[in-house]
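S.K.: Sequence:
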Amino acid sequence: MSSSQAMKKVLLLLLMPLSLSASEFPVPYNSEPDPSGPMPAGEAAGKMQLPPGFKATVFASEPDVQNPMAMACG
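Just so we're aligned: the sequence shown equals residues 12 to 85 in my numbering.
Think of the hints as simulated: they come from the structure by calculation, not from any bench.
Using N, Cα and C, we set each Cβ at its ideal position, and we do this for glycine too.
A hint or two may mislead.
Said to hold, decoys possible - Across the chosen pairs, the derived CB separations fall in these ranges:
no.	residue 1	residue 2	range
1	Val69	Lys19	39 to 49 Å
2	Lys19	Met59	51 to 61 Å
3	Ser15	Met50	57 to 67 Å
4	Ser14	Asp45	18 to 28 Å
5	Ala55	Ala17	49 to 59 Å
Generate the whole structure from the sequences, applying the supplied hints.
M.R.: Structural data, given as structure tokens:
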């Protein structure tokens, strides 16, 4: 086997995982299940204490987002 053939096989093996469709990925594990359910996103944004001139808006909420790791202020 030539080195170019070997390189093509290695490249194919590296790219193979990229061919998975979204339906084949597992559901994210929720490490903090809350039996009472989440607070509605609009209510949560309304309860945030922010400095003057800042505002909180909702762009994503549960169940689409689980285990958020950080918030960014912009």
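S.K.: Now, for every hint given, state plainly whether the structure supports it.
M.R.: Hints versus structure:
1. Checked against the given bound of 39 to 49 Å, the beta carbons of valine 69 and lysine 19, roughly 48 Å apart, stay inside it.
2. Between lysine 19 and methionine 59 the beta carbons are some 54 Å apart, a value that agrees with the proposed interval 51 to 61 Å.
3. Checked against the hint of 57 to 67 Å, the C-beta distance between serine 15 and methionine 50 comes to roughly 58 Å, which is consistent with it.
4. Take serine 14 and aspartate 45: their Cβ atoms lie about 55 Å apart, and the range 18 to 28 Å is violated.
5. Between alanine 55 and alanine 17 the beta carbons are some 54 Å apart, a value that agrees with the proposed interval 49 to 59 Å.
The structure fails hint 4 only (numbered hints given earlier).
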